[in-house]
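Position chain B against the provided structure of chain A, taking the given hints into account.
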Amino acid sequence: MESITSIIQISIAAVLIQNFVLARFLGLCPFFGVSKKLSSATGMGMAVVFVMTVASMITWWIDTALLMALNVEYLRTIVFILVIASLVQLLEMIMQKITPALYESLGIFLPLITTNCAILGVAILNAGVNNFTGNPFTFVESTINGIASGIGFTLALVLMAGLRERLELADVPKSLDGLPIAFITAGLMALAFLGFSGLSFFAG
Amino acid sequence: MELLLPVTVVGAVGLFFGVGLAIASKMLHVFVDPKISRILEALPGVNCGACGYPGCSAFAKAVAVGKAAAAGCTPGGEKTVANIADIMGISVSANEPMVAVIHCQGGKAEAKERAIYDGITDCHAAKLIGNGPKICPDGCLGRGSCAKACLFGAIKINENEIAVIDNEKCCGCGKCVPVCPRNIISLIPQVHKVYLACANRDKGAGVKKYCSVGCTACTLCVKATPSGAITMADNLPVLDYTKDEIFIVAHAKCPPKCFIDLAKMRPKANIDTKCTGCGECAKACPMKNVITGEPNERHVIDKGKCIGCGNCLNVCAVKAIVLWGGLGYDSVEKQKRQRHGATG
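In order, the protein sequences belong to chains A and B. So for the first sequence, the working numbering puts the first residue at 365; every next one is plus one. So for the second sequence, the working numbering puts the first residue at 4; every next one is plus one.
The hints are simulated quantities; they were obtained by calculation from the structure and are not laboratory data. Certain hints may be false.
[Stated by the list, open to error] Below, simulated DSS-like cross-link-like pairs (lysine-lysine); rule was C-alpha separation at most 27 Å, straight line:
#1 A:Lys-400 x B:Lys-172
#2 A:Lys-400 x B:Lys-64
#3 A:Lys-538 x B:Lys-111
#4 B:Lys-159 x A:Lys-401
#5 B:Lys-151 x A:Lys-400
#6 A:Lys-401 x B:Lys-130
#7 B:Lys-38 x A:Lys-461
#8 A:Lys-401 x B:Lys-151
#9 B:Lys-151 x A:Lys-538
#10 B:Lys-64 x A:Lys-401
#11 B:Lys-111 x B:Lys-267
#12 B:Lys-159 x A:Lys-400
For reference, chain A alone in the conformation it holds in the complex (with noise of 0.2 Å):
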């Protein structure tokens, strides 16, 4: 039972309170990028629970028989980068070959997220001391938090894509027209997010 109510919380914390773009502020690159339309922002958000689920796996073995192992921890950013941007490589080639379909699309947002630095983020802050258990994730908690990290990075772009859509209608000053206009709101909903630090899960 204990597991799953760590599961819960990870997932709720990884979603909400410390969502990825708007109260850790990683990934804000494809955030502002690809969030001018609902479609193009739900594939990529899509892409991003991917990518981070299987990047979270890989690197969590990477982490524990490797770099553990010989205790060099300290290399952990280099060596995830290369893995990950291995990986999205790999990953756009088997999706090329076995589900066509899935590529034709997710594809065209896989290279933007080679070296994201949400990708990298989560696995760093999964191999780091985090602040439920006081340890590193295990393999599970590693995954969920992936898989959760993702949602939480979606649910943020398909927001700001919804409320763009809008404001490509509304009659914004000259001066504030298209990003900076999207810069404020962006501000203003991670000062909405961060209401949701009042749901603390933490241990201690």
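Okay, now just chain B, sitting in the frame of chain A:
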């Protein structure tokens, strides 16, 4: 030793993934038709969607498998179509180049408004409130829905709050046509320069009350066009661009000046010394007091008033009339050239 371990670890991981990717790319290789990328290179790459496909790459794929016609890319024009035909090894002729025109010129100054619209700047939204602020039920709403749709920046809303198309930037993709809630944008062949800038179907007396440049359905343009290329339908002239007609006389004769001529300058007729003074040209001229002269003496054409229709050319028995190019004898243009010459 302290240096060796991290170097080995990173090197080994890098080597592993490098070799892995190399093997994977061989094993998982998907054959992509090389024609697709070549067609994609030949396309303009603006992803306008005028071809009916979501972007240039989708169109390139469809052409490569023979699903789409090679001439489908309107913005690319003749050159692109020729290139694609070359890649595909087939021969096609390009579609006739088109240009978009707005059938309204009644801006803030010409067409009266019955209300001040202060809502969001979008034509569809403006139309929702009592069919728009303008009294004219077919007038341009001037909120720029077409300008937003144009991927080439060819449409601007001017100070007079009316959409104006830059016909040099317009490539005739037709993106703006379905966007207009008034349905007053259409494509005309690029070789035709005259179009009707009004879409109002009210009777003349009604139109005059609220627009100074609205068509009053006077039918003068129909009478001025003996070729029959203009017909009246529902109180509005319809221009038939398939007929051999340049519509320049209709443009000159229209009392409220509803026709717009996109040509920068028209040629002017000139009568030389061979003129016998028979007076046939004056009879053939559709305009008043343009060709004057005593019988049996050399006639003179008022070049300020000549519209360049060319009607007089055919009736002259001694071939004494020629059309001068619009720019050649224009004094302003001449001065400009001299100035350029002086400054080097």
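Going down the list of hints, with the structure as the test:
1. For the hint linking Lys-400 (chain A) to Lys-172 (chain B), the alpha-carbon distance of about 26 Å falls within 27 Å, and the restraint holds.
2. Between Lys-400 (chain A) and Lys-64 (chain B) the CA atoms are separated by roughly 26 Å; this keeps the pair inside 27 Å, and the hint holds.
3. About 22 Å separates the Cα atoms of Lys-538 (chain A) and Lys-111 (chain B), which keeps this hinted pair within 27 Å; it holds.
4. Between the alpha carbons of Lys-159 (chain B) and Lys-401 (chain A) the distance comes to roughly 24 Å, so the proposed pair stays at or under 27 Å and holds.
5. Pair hint Lys-151 (chain B) plus Lys-400 (chain A) holds up; C-alpha atoms about 14 Å apart against a cutoff of 27 Å.
6. Using a Cα cut-off of 27 Å, the hinted pair Lys-401 (chain A) and Lys-130 (chain B) holds, with the two alpha carbons roughly 25 Å apart.
7. Simply put, Lys-38 (chain B) and Lys-461 (chain A) have alpha-carbon atoms about 20 Å apart, close enough for the 27 Å limit, and the pair holds.
8. Distance check on the hinted pair: Lys-401 (chain A) and Lys-151 (chain B) sit about 15 Å apart at the alpha-carbon level, within 27 Å; holds.
9. For the suggested pair Lys-151 (chain B) and Lys-538 (chain A), the alpha carbons sit about 15 Å apart, so the restraint of at most 27 Å is met.
10. Taking the CA atoms of Lys-64 (chain B) and Lys-401 (chain A), the gap is about 24 Å. The hint holds against a cut of 27 Å.
11. For the given pair, Lys-111 (chain B) sits about 25 Å from Lys-267 (chain B) by alpha-carbon distance, which is consistent with the 27 Å threshold.
12. Of the supplied pair hints, the one linking Lys-159 (chain B) and Lys-400 (chain A) holds, its CA atoms being roughly 23 Å apart against a limit of 27 Å.
Hint compliance for this structure: no hint is broken.
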